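Undergrad: Could you put together the complete structure from these sequences and hints?
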Amino acid sequence: MKIEDARKIIQEEGLQGYNLCEERENRENEVVLKKENEKWIVYVTDERASKIINSVDKYNTEAEAIEDFIERLRADKVLREL
Numbered sequence: 001m002k003i004e005d006a007r008k009i010i011q012e013e014g015l016q017g018y019n020l021c022e023e024r025e026n027r028e029n030e031v032v033l034k035k036e037n038e039k040w041i042v043y044v045t046d047e048r049a050s051k052i053i054n055s056v057d058k059y060n061t062e063a064e065a066i067e068d069f070i071e072r073l074r075a076d077k078v079l080r081e082l
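The sequence shown: position 62 = 62 (the numbering used here), numbered continuously.
Just so you know, the hints here were simulated from the structure itself, not pulled from any lab data.
A hint or two may mislead.
As the list claims (entries may be wrong) - Think about it this way: if two alpha-carbon atoms lie no more than 25 Å apart in a straight line, the pair counts; the simulated SDA-like pairs of lysine to any residue are:
#1 K77 with N37
#2 K77 with E38
#3 K51 with E64
#4 K51 with E36
#5 K34 with Q11
#6 K34 with L82
No experiment lies behind these values; they were computed from the predicted model shown.
TA: So, in structure tokens, the structure goes:
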């Protein structure tokens, strides 16, 4: 899976609360995907826009990271709809 595929899924499923490789400060309660030092990193932020340390996962491939990123966004959508 590539970034373009993730954008399509996000749009089709109405997912929200994410930072998809954007160069900006973190926002509150979002899922973040970024590339740092040749590793893909996925994590979530709290109500103060701080990285939740226990939520950080690192991947060697873009596809693995995007799969985790989309899974987290889908789970977040379920929680928001409760």
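Undergrad: With reference to the structure, classify each hint as holding or not holding.
TA: Here is what the structure says about each hint:
1. A distance of roughly 30 Å separates the Cα atoms of K77 and N37; the hinted pair therefore is violated under the 25 Å criterion.
2. For the given pair, K77 sits about 29 Å from E38 by alpha-carbon distance, which is inconsistent with the 25 Å threshold.
3. The straight-line distance between the Cα atoms of K51 and E64 is roughly 20 Å, inside the 25 Å bound, and the hint therefore holds.
4. Note on K51 and E36: the hinted pairing holds, with a Cα-Cα distance of about 15 Å set against a maximum of 25 Å.
5. Between K34 and Q11, the direct Cα distance comes to roughly 19 Å. Compliance with the 25 Å bound is thereby established for this hinted pair.
6. For the hint pairing K34 with L82, the CA-to-CA distance comes to about 28 Å; that exceeds 25 Å, so the pair is violated.
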